[in-house]
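> Turn these sequences into a full structure, and let the hints guide you.
Heads up: the protein sequence lines correspond to chains A and B, in order.
Counting in UniProt numbering, the first sequence runs from 1 upward without gaps.
Counting in UniProt numbering, the second sequence runs from 1 upward without gaps.
Because the hints were derived from the structure by calculation, they are not lab data.
From chain B, some residues computed to sit far from chain A (all C-beta separations above 10 Å): (1) M86; (2) L99; (3) P183; (4) I204; (5) P207; (6) R282.
Restricting the straight-line Cα-Cα distance to at most 20 Å, the calculated cross-link-like pairs of lysine to any residue (SDA-like) are: (7) A:K123 / B:L277; (8) A:K123 / B:F27; (9) A:K123 / B:F279; (10) A:K123 / B:R281; (11) A:K248 / B:P138; (12) B:K210 / B:F198; (13) A:K123 / B:V32; (14) A:K123 / B:Q280; (15) A:K248 / B:W230; (16) A:K123 / B:W42; (17) A:K123 / A:L201; (18) A:K123 / B:L41; (19) A:K248 / B:W223; (20) A:K248 / B:L134; (21) A:K248 / B:A132; (22) A:K123 / B:A40; (23) A:K248 / B:G133; (24) A:K123 / B:I278; (25) A:K248 / B:I136; (26) A:K248 / B:L229; (27) A:K123 / B:V36; (28) A:K123 / B:A39; (29) A:K123 / B:L43.
For every residue, glycine included, the Cβ atom is placed at its ideal position computed from N, Cα and C.
If you want the building blocks of each chain, they are given just below.
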Amino acid sequence: MTSTVAAPPAGALPGVKDEPRAAGAIGQTRAGWGLLTPFLVLYLAFLIGPAVYGLVMSFFDGSSVRSGLGPFAGLDNYTEALTSGDFWSSMWHTVLFTILTTPPLVIVALLLAMLTDRIRRGKWFFRLVFFAPYVMPVTCVGLVFTWMYVPQTGLFASWLSALGLPAPAWLADPNWAMIAVALMTVWWTIGFNFVLYLAGLQDIPRELYEASAVDGAGPGAQWWRITVPLLSRTTVLVTMLQIIASLKVFDQIYLLTAGGPNYSTRPVIEYIYDVGFTDFRTGYGAAASMLYFVVILAVSAVWFAISRRRA
Amino acid sequence: MATLTVPEAPTRRAPAKAPTDPRHRAFTVLCVVVLVILAALWLVPMLWAVDTSIRPESEITTSPATWWTSHPSLDAYRQVLSAGRMPVWYLNSFLVALLTAVFAVVVCSMAGFAVARVRFRGRRIVTGLVLAGLLIPPQTLIMPQFQEFAGLHLLNTYWALILPSVPTSVAVFVFASFFSGLPGELAESARIDGAGWFRVYSRIFLPLCKPAASAVFIFTFVWSWNNFLWPLLTMTSTEVMTIPVGLNVVQDSYGIRYAQVMASAVLGALPLFAVFLIFQRRIVEGIANTGIK
Numbered sequence: 001m002t003s004t005v006a007a008p009p010a011g012a013l014p015g016v017k018d019e020p021r022a023a024g025a026i027g028q029t030r031a032g033w034g035l036l037t038p039f040l041v042l043y044l045a046f047l048i049g050p051a052v053y054g055l056v057m058s059f060f061d062g063s064s065v066r067s068g069l070g071p072f073a074g075l076d077n078y079t080e081a082l083t084s085g086d087f088w089s090s091m092w093h094t095v096l097f098t099i100l101t102t103p104p105l106v107i108v109a110l111l112l113a114m115l116t117d118r119i120r121r122g123k124w125f126f127r128l129v130f131f132a133p134y135v136m137p138v139t140c141v142g143l144v145f146t147w148m149y150v151p152q153t154g155l156f157a158s159w160l161s162a163l164g165l166p167a168p169a170w171l172a173d174p175n176w177a178m179i180a181v182a183l184m185t186v187w188w189t190i191g192f193n194f195v196l197y198l199a200g201l202q203d204i205p206r207e208l209y210e211a212s213a214v215d216g217a218g219p220g221a222q223w224w225r226i227t228v229p230l231l232s233r234t235t236v237l238v239t240m241l242q243i244i245a246s247l248k249v250f251d252q253i254y255l256l257t258a259g260g261p262n263y264s265t266r267p268v269i270e271y272i273y274d275v276g277f278t279d280f281r282t283g284y285g286a287a288a289s290m291l292y293f294v295v296i297l298a299v300s301a302v303w304f305a306i307s308r309r310r311a
Numbered sequence: 001m002a003t004l005t006v007p008e009a010p011t012r013r014a015p016a017k018a019p020t021d022p023r024h025r026a027f028t029v030l031c032v033v034v035l036v037i038l039a040a041l042w043l044v045p046m047l048w049a050v051d052t053s054i055r056p057e058s059e060i061t062t063s064p065a066t067w068w069t070s071h072p073s074l075d076a077y078r079q080v081l082s083a084g085r086m087p088v089w090y091l092n093s094f095l096v097a098l099l100t101a102v103f104a105v106v107v108c109s110m111a112g113f114a115v116a117r118v119r120f121r122g123r124r125i126v127t128g129l130v131l132a133g134l135l136i137p138p139q140t141l142i143m144p145q146f147q148e149f150a151g152l153h154l155l156n157t158y159w160a161l162i163l164p165s166v167p168t169s170v171a172v173f174v175f176a177s178f179f180s181g182l183p184g185e186l187a188e189s190a191r192i193d194g195a196g197w198f199r200v201y202s203r204i205f206l207p208l209c210k211p212a213a214s215a216v217f218i219f220t221f222v223w224s225w226n227n228f229l230w231p232l233l234t235m236t237s238t239e240v241m242t243i244p245v246g247l248n249v250v251q252d253s254y255g256i257r258y259a260q261v262m263a264s265a266v267l268g269a270l271p272l273f274a275v276f277l278i279f280q281r282r283i284v285e286g287i288a289n290t291g292i293k
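Next comes the structure, spelled out in structure tokens:
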């Protein structure tokens, strides 16, 4: 995501050594564009093109039951979305999901990585256990958790009743459905952040621990004073990647609750899906997509600003 | 990130191992205990799925939340594989993921080579354009993309899944940063010998970029295999569904036959689980090196 191209800018090396300058420049230009052609054709046709077309669509009252863009609508789609209670509530559900998932997915991942890094034997086993769920298709994870969340007779309900606690109806209860989805998401995706933290831990010089141990620092103090601060770069990265990933939520919610009960968990992407593909209002759906895109862009801009300042 | 295979730091041991200090030893024991408990919690869903899948349906109905079974059997797997469409979905998922990954490696490595190694007019513009792709979440494009593929009559074909997934900006930058880390003399000496740029790419640079290529291949494969929203929209006929979309219909047809539902969940997760076991180090290093920096 954040790889940078480290090649010198064009023209930084005046007079390329191995060939006459003019002929070389023309040859390089032809070769460069030639090598890029397959990528650019697909990229423009299936990503940039649709992005531009989506922007155009958002200004028309299009419908998927008739062809073409439909009558021009100006900003009507945008004003309708911005004044729609359903749009805002779905936006809120996406944000709520992000608020519920980001802290545990960052903090627990950090804890798991620090614990795993500390033990001497069997690291591979813990890496396997915590990362394995991440490679599972979301549908499989959804099927398993739906089964565990069955009210009264499911595994979670039986655990809670064994502890003498009242078990909620999980996915059927509007107050618990989003929490249940968030729990599943933490289980499913923590491996990615965990691995990023493990990599960050590799970069901390061991001498720091040895020196502080000589100074009499206990293990808790070492974690709090050395490990956590030195991982702050990784923490920024993990947090920002996590916020952006959480803001894109659709799959889990669609599979576990289908946005219910009574739309209480419907995220904004499902709202777009509903208006665009169920109500056939493509223009309005495109406008809602653009508004959502602006939110993602704003978050990315914040991240860019932070990483710029730190660099 | 000069290379994608940073070797594991040799003989690196756990930090702060001071056996003389009892505090440190006690703390390590505590860490192991906490870690084992957390790992056990993380294993529960996987084990529970497998456990449910080998129990007879009648037993699940009478005592749903019990781990013990007196009659373990693989009947559920047999039924899912013979009656359902799992084999077809496996094939679809495999072909789509394979073709997407192969095309992505070829197309994006060429682009990455051009961006990193060829000084052509307009390179900055292209780099900016590719960079812009990092910011566009594919989820925001479902509406226009769907209309496009409907217009091209490509819905319910593999191409609907393959074509939009091949040109990914991340892959281009992974290749570009790998290529720009290779010594410049490689290209220069070949150019002096009269090799064209495409030959320089295909004969010299492509064979050297194995670490980048395998990272891009594995990630594209896994991502394609697990992709859900776009295949859900475009693959509406059961014959062409991939595993994640197909399993979504399974729940409706099996209803409360949980052994079969869990058997299909286990079967759906199995192939990528195997891929992960085989390529564990590559995958973990790939995340560490493309995510960080």
